[in-house]
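Based on the provided sequences and hints, a complete structural model is requested.
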Amino acid sequence: MKRIYVTTIPLQGRLDLTKNTYRSSANSGDIETRFPILQVLHNTLQEGDDFHIIAIRSVNGDTQRNFGYLKEELQAMGFTEDHIRELPMPDEQDCSTLIRLCRDLCDVLPEKGIAYMDITYGTKTIPLVQLAALTCAAATHEELEVGGVYYGEMRRVNGQSVNQSVLHDVTPLYHLQGLVGGIHGNKDTAEMVYNQLVWMSQNKAEQ
Numbered sequence: 293m294k295r296i297y298v299t300t301i302p303l304q305g306r307l308d309l310t311k312n313t314y315r316s317s318a319n320s321g322d323i324e325t326r327f328p329i330l331q332v333l334h335n336t337l338q339e340g341d342d343f344h345i346i347a348i349r350s351v352n353g354d355t356q357r358n359f360g361y362l363k364e365e366l367q368a369m370g371f372t373e374d375h376i377r378e379l380p381m382p383d384e385q386d387c388s389t390l391i392r393l394c395r396d397l398c399d400v401l402p403e404k405g406i407a408y409m410d411i412t413y414g415t416k417t418i419p420l421v422q423l424a425a426l427t428c429a430a431a432t433h434e435e436l437e438v439g440g441v442y443y444g445e446m447r448r449v450n451g452q453s454v455n456q457s458v459l460h461d462v463t464p465l466y467h468l469q470g471l472v473g474g475i476h477g478n479k480d481t482a483e484m485v486y487n488q489l490v491w492m493s494q495n496k497a498e499q
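When we follow the working numbering, the leftmost residue of the sequence shown carries the number 293, and every step to the right adds one.
Just so you know, the hints here were simulated from the structure itself, not pulled from any lab data. Values in this document were obtained by computation on a predicted structure and should not be read as measured data. Glycine included, every Cβ here is placed at the ideal spot set by N, Cα and C. Please note that a few of the clues may not be correct.
Unchecked claim - Taking CB as the label site, the calculated pair distances span:
id	residue 1	residue 2	range
1	Q367	V400	20 to 28 angstroms
2	G370	K294	27 to 35 angstroms
3	R357	E483	23 to 31 angstroms
4	E437	D374	21 to 29 angstroms
5	K294	D396	13 to 21 angstroms
6	Q356	N487	44 to 52 angstroms
7	C387	G340	39 to 47 angstroms
8	R357	N487	44 to 52 angstroms
9	V458	E373	25 to 33 angstroms
10	Q456	Q367	25 to 33 angstroms
11	D396	V449	35 to 43 angstroms
12	E364	E483	44 to 52 angstroms
13	D396	Q356	17 to 25 angstroms
Written out as structure tokens, the structure reads:
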């Protein structure tokens, strides 16, 4: 099976990017990492799978260092950095740049496989781009399956990061956009969509 893991290289400075344990009931064993996507990889990768990580990186000094951390951690898990594909973007937030990023991300997602998206890091616009690209790819790549969308919550006490982080599976919110098309002001249908989302969040194993 081909598995694709998409993440954004964080903008944090050296002292602000520390390893944490991103806990979840779905974890197949917790790992310490700076990158929630590596916990997702640890949970989902199976023997015999082919995989690569798509790393979106704003081109600046902090992300270059943090990109190196990702390579180091992947190597510590027993994989070479050949599994990482960098997707660079200018350190800008104008609409044209973001649309190009959306196009490029959609293009590098394979026609066949399972895609996992980590929306933890990056500027506020990047998760919008990631989800838009995932929607486009899922619609145009007939054999591409959405494996999950995840957010790593880093908890703080008195302004300081503590190792009590949580890996949230927010996939039902991604699927919401596929359910709202038939509402059109119908409150009963809106209630049905809400109930469907609740069911999806509580029955992940059956999806």
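Hints, one by one, checked against the model:
Restraint check, Q367 to V400: a C-beta distance of roughly 22 angstroms satisfies the suggested window 20 to 28 angstroms. Take G370 and K294: their Cβ atoms lie about 19 angstroms apart, and the range 27 to 35 angstroms is violated. A C-beta distance of roughly 49 angstroms is found between R357 and E483, which places it outside the suggested range of 23 to 31 angstroms. For the pair E437 and D374, the beta carbons lie near 24 angstroms from each other, so the given range of 21 to 29 angstroms is met.
K294 and D396 have their C-beta atoms about 19 angstroms apart, which keeps the hinted 13 to 21 angstroms range intact. The hinted window of 44 to 52 angstroms between Q356 and N487 holds, with their beta carbons roughly 46 angstroms apart. Taking 39 to 47 angstroms as the suggested C-beta distance range, the pair C387 and G340 conforms, at roughly 42 angstroms. Between R357 and N487 the C-beta distance comes to about 46 angstroms, which sits within the given range of 44 to 52 angstroms.
The given range of 25 to 33 angstroms is respected by V458 and E373, whose C-beta atoms sit roughly 28 angstroms from each other. Between Q456 and Q367, the C-beta spacing of about 27 angstroms keeps the proposed range 25 to 33 angstroms intact. Hint check: D396 to V449, Cβ distance near 39 angstroms, so the stated range 35 to 43 angstroms holds. Look at E364 against E483: about 48 angstroms separates their beta carbons, and that is inside 44 to 52 angstroms.
Distance hint check for D396 and Q356: the Cβ-Cβ separation is about 19 angstroms, which falls inside the suggested range of 17 to 25 angstroms.
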